[in-house]
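Residue numbers (full-length UniProt numbering), protein chains in the order written: chain A, 1 to 230; chain B, 1 to 336.
I should point out that these hints are in silico values taken from the structure, not numbers from a laboratory.
Incorrect hints may have been included.
What the hints assert, rightly or not - Not everything, but these chain B residues come out facing chain A in the computed CB check (under 8 Å):
hint : residue
1    : Q29
2    : R31
3    : T38
Built from N, CA and C at the ideal position, the CB exists for glycine as well.
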Amino acid sequence: MNPGSRMPESSAPLSTDPSTDPSIAAARTVLGEADIARALTRIAHEIVERNKGAADLLLLGIPTRGVQLARRLAERLTQIEPAFDGEYGTLDVTMYRDDLRRQPTRAVGQTVLPGSLDGTIDDKVVVLVDDVLFSGRTIRAALDALNDLGRPRVVQLAALVDRGHRELPIRADYVGKNLPTSRSERVRVRLADVDGGVDAVVISAASTTQASTTQPSMTQPSAGENGGAR
Amino acid sequence: MKHLLTTQGLSKDDAILLLDTSAQMATTQSRENKKLPTLRGRTVVNLFYEDSTRTRISFETAAKRLSADVINFSAKGSSVSKGESLKDTALTLHAMGADAVVVRHSASGAAHQLAHAGWLDAGVLNAGDGMHQHPTQALLDAFTIRRHLVGNVGEDGRGTDTSAGADLSGLRVAIVGDVLHSRVARSNVYLLRTLGAEVTLVAPPTLVPVGVETWPCRVSYHLDETLEQWQPDAVMMLRVQRERMSGGSGSFFPSPMEYSRKFGFDARRLAVLPDHSIVMHPGPMNRGLEISAAAADHPRSVIVEQVANGVAVRMAALYLLLSGTDETSTDERNTL
């Protein structure tokens, strides 16, 4: 299996037919807790399969929810590959975004590398972990941020949800679920350890187009809602 | 946040956001590649009407680490010496498309005037105006205090800062020396109080400003008494600003030696303090006057670290002022 070939079925903006969606405004749960757990387990296996083990592997989560997903992937990887040390890091991309002047000011998050690395990611196999892959701009920023940290041997991308509508030539190597969406819809990943409640991926029709511009604020850093990819 | 002019009235949330952002900026400064692309294409003007070494260099370094273009302007060797007014200089900077102006001026209120007179639409950072305010200095002092006394970075300052989101509640800070002429003291009193710390000013009566009773702090005329009985967690020594003492040092205290004996910080006074306490000085130091060499170079002195933290704090201030929506100003500028 070549996971890289699994692109979203359609990049056309109208892949969801509104007629099949009875209530436009109502939120719809697409992935439940068990689905998310299974998807992560599969991704963990795919990572080991693709890289023929877990040597030099470094998981880097993109805040906020990517970090929790990276932690869960690291837990699974330690079960599959006892040689894996179970460490993961955090990569904040705020200062590398291309939309800093078009959004309200974002709070800068933390970049934390596992202590065993001694501050360098040279020659590592880096797997970036994010919750929703959307425009691809977050990942572009992440690649720039990585570049300033060192020179990894390979960079791969794992996303829990790929909702299409890419604006840059970027694709994920590991995808939990391809989710055909319309641009106006909002895809939200809810994780128990970040948002409380139960794990879920929820789609809702954005009531207005400003949904994507209003939500990041100074006090609430980044991501999560709306794919966090804008 | 559009301007950073004063710490008086700065909200606690904004202050903590500034400190947290500074902490993130500080971690990027320990990397091999210290430069971030964040403010690429933005222009920061350093407008300095007063002499300054560390503040100007610190702002310049901060702006360059964020990839902004920096233009240095000092009153000496510019049209100011031909009599150009602050307004005309501001209009010139506006025409050149400055995104932020870092201003130091000998007149209190110069930064406020620059920000609110409608001469230019850039963000204004006050880098010291007369005897009024110097907010980034207070922020870097608060940041240094927080790292050491809340974040437990250890004596060498190399440990992991665990203080994200924390304030300074319960900490005691003594600010000692020439309070009258000190914008550093004024900025620190308000900021430290906002962050929950208790502040005591210690100075001879001649160097305590009129109206100090309205400030949110206590005042003492006796250094030894304060150190022994109040046991401050941090002692901030102020520079005796002889250039602002018109009649020479003689007009505010009898002699430098007497000042040094009563208000100078030395190893003996350091020994009175609790073990975790730190010694600070905004620089430049008058060694032998307000602080002895032994105290300045003591392991518990964080004076050199204050300078390093200054870069991180100014990066944070520039980031928070210059990122974010700024549509109108760009449009106006394009029509010029």
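Each hint, compared with the structure:
1. At about 12 Å, the closest approach between the beta carbon of Q29(B) and any beta carbon in chain A exceeds 8 Å, and the interface hint on this residue is violated.
2. For the restraint placing R31(B) at the interface with chain A, the shortest Cβ-Cβ distance is roughly 7 Å, inside the 8 Å limit, so the hint holds.
3. Because the closest C-beta pair between T38(B) and chain A is about 4 Å apart, less than 8 Å, the hint holds.
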